[in-house]
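**Q** Note that the protein sequences, when read in sequence, are chains A and B.
Mapped onto my numbering, the consecutive letters of the first sequence carry residue numbers 1 to 335.
Mapped onto my numbering, the consecutive letters of the second sequence carry residue numbers 1001 to 1295.
Calculated from the structure, these hints are not laboratory results.
Please note: incorrect hints may appear among the correct ones.
Under the rule of at most 25 Å between Cα atoms (straight-line distance), these lysine-lysine pairs were calculated in the PhoX-like manner [unchecked claim]:
hint, chain 1, residue 1, chain 2, residue 2
1, A, Lys210, B, Lys1098
2, A, Lys330, B, Lys1230
3, B, Lys1165, A, Lys330
4, A, Lys334, B, Lys1230
5, A, Lys47, A, Lys210
6, B, Lys1230, B, Lys1075
7, B, Lys1230, A, Lys329
The model shown is predicted, which means the values in this text are computed figures rather than measured ones.
What follows is each chain in one-letter form.
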Amino acid sequence: MDTIRNEINRDKNLARLLVVFLMVFVICTALKGSMFINVPNFQSMGKQFPEFGLLSIAMAFTLFTAGIDLSVVAIANLCAVLMAKFLTLLIVPDMSSNAVFMMIAAACLMALVVSVLCGALNGFLIGVVGITPILATLGTQALFTGFAIVMTNGSTLGGLPKQLSATINGGVMGIPVPIIIFSVLAVIAAFIMSKTTLGYKLRMLGTSAKASTFSGFDNVRLFVTNYVLSAVFSAAAGIIMLGRFNSAKADYGASYLMEAILIAVLGGVDPYGGKGNISGVIVATVIVQMVSSWLNMYEDISNFYRQIIWGGLLIFVLIYNYIVNEREKKQAMKG
Amino acid sequence: MRAFSVPAMFCIGEMFIIITGGVDVSFPAIASLSMFVVCSQLEDVASNPLVFFLVAMFIGLVVGILNGVIIARFKFPALIVTLGTSSICFGIMQGVFKSREYPLCAPLKELGEMKLFSATNPVSGLTSSMPVGVILMIVLIFVGWFILNRTMLGRGIYAIGGDVKAAQRAGFNVFGILVFIYAFSGCMAGLIGVLRSTMLLAVHPNNLEGMEMTVIAACVLGGVRMTGGKGSVLGAMLGMALLTIVDNSLILLGISTIWQKVFTGAIIIIGTAASAIQMKRNERTLAIKMNEGGK
């Protein structure tokens, strides 16, 4: 019975998001007309949202388990910096194009391995040592950013092979490559969350860690898996960022942390754990990107106003969700 | 002492909040915002430095109350709410007021140049002086200690951190106390922001960014428990002192500043791990004792 109710609730949330999506779309179109609806604009949006979309999914994973991962952006940057170092050190000018691609693939693989280690460290600190997620990831955030600073000496790493940015900024049949990466990973994430026992166990862990223990789940392993998943998605975002900026730096995308939390919460993930799904997060990502692109079209709105809007929106959405939940609870009580 | 006093003052407000089981990451934003607003807007209006401080405190108070009301009324995770208000504050500062480095106006500059006493190192010839802000720090530390240990409010803060429901049943005004501590933290942030500018003799809008990490780390190192209910002013101050000393000795040891963040991260992790392990051990011995008692 409960699962049926959950199903309805989940769909309600998604339906609400789709309505918001349509509303934003109509408003943007009405106010900016042909400037908003054209292929180049959609393409540029498509290149931008995958990076913080992936970070939002990474954040969503940890919010499911009633945790939080403040180190997502740090992991993304650390991976990007490592890849940049690796590529600039090992690629010589007269290398064949195939060899370069091999190198890039090897670098990506290395980034993934590093991200698994980072995530495992987070999971270890939270699951085994028992540090609260906020503190543990606050510490690792400083640690990872610190290593990235040490490796770059605080400066920007450039001089990457052309093939990397060409691949990331290119497209297959007009669809930007980042979107393809994002779609594949998002489908995987959604599948893990809603169709596998792992997803079920994570949700359980988020609802109540004690109940999860007594159900015989290995909480430590779940925490580690959870933060590794989060870290791998962050690394993917890092790879996309590396290709898009064609450079790496320890403090790129500092504002993405706020955006990632905003999107996850907007997408219906409950910061107290156990509630929400990936499809909501995906729709929320697209909504935020649309608003962002639309704001870009007004030249007199400075970038910084966006911070005000995101902050305000985050608090508004929290309150709105709270009120809706309360009302549903009351109705359920009456029924 | 110069490097110590500002984060130490932030520690007091933050400590109150952590003891109730929350966390506030918005105070650097509040401090920066109010610092920049008073320094850029009041320059021609006021000549008494007190006015600057009062207006800054008022701005901080407003944001703090906003934080407190939202967190206490809806019971949202404090981290997410304060992250939101922090973003709003930085946004207002940079977007609406177009912040940039700003020369300090005369009345504040005079205040900043006042010294308690100066000490000259006979060997290196370097002069360092005790800034006036230190007095304020001592006062604040005392106020913090007094509230926590000698008032009903302090009991309430600990009670909420221990168990919100129990605190409510015991008759504490949970809503009021929560709003008070966030308002206090915000108000102090405004004050400290202006003070910081007088100590630097200039207005650096982004100077405080990232300080929340150091302050939270200091509190936790000093034994303030993140899940609430435990912590003391002395502990937090010692934690802050440890971090400051580590930072300074890194420089003295000739280790490049690029390593600073790695060390901060490592210290946070080690410090929190130590207290987490200790807590686990305590729980285990408690469980064993209870088992033995049952037999």
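**Q** Hints first: check each against the structure and report whether it holds.
**A** Hints versus structure:
1. A:Lys210 to B:Lys1098: It is violated: about 50 Å lies between the C-alpha atoms, which goes past 25 Å.
2. A:Lys330 to B:Lys1230: Status violated; Cα separation ~36 Å.
3. B:Lys1165 to A:Lys330: 21 Å, holds
4. A:Lys334 to B:Lys1230: Violated, at roughly 41 Å.
5. A:Lys47 to A:Lys210: 42 Å, violated
6. B:Lys1230 to B:Lys1075: With a Cα-Cα distance of about 20 Å, the restraint between Lys1230 (chain B) and Lys1075 (chain B) holds, given a limit of 25 Å.
7. B:Lys1230 to A:Lys329: Violated. Lys1230 (chain B) to Lys329 (chain A) sits at ~34 Å, over the 25 Å cutoff.
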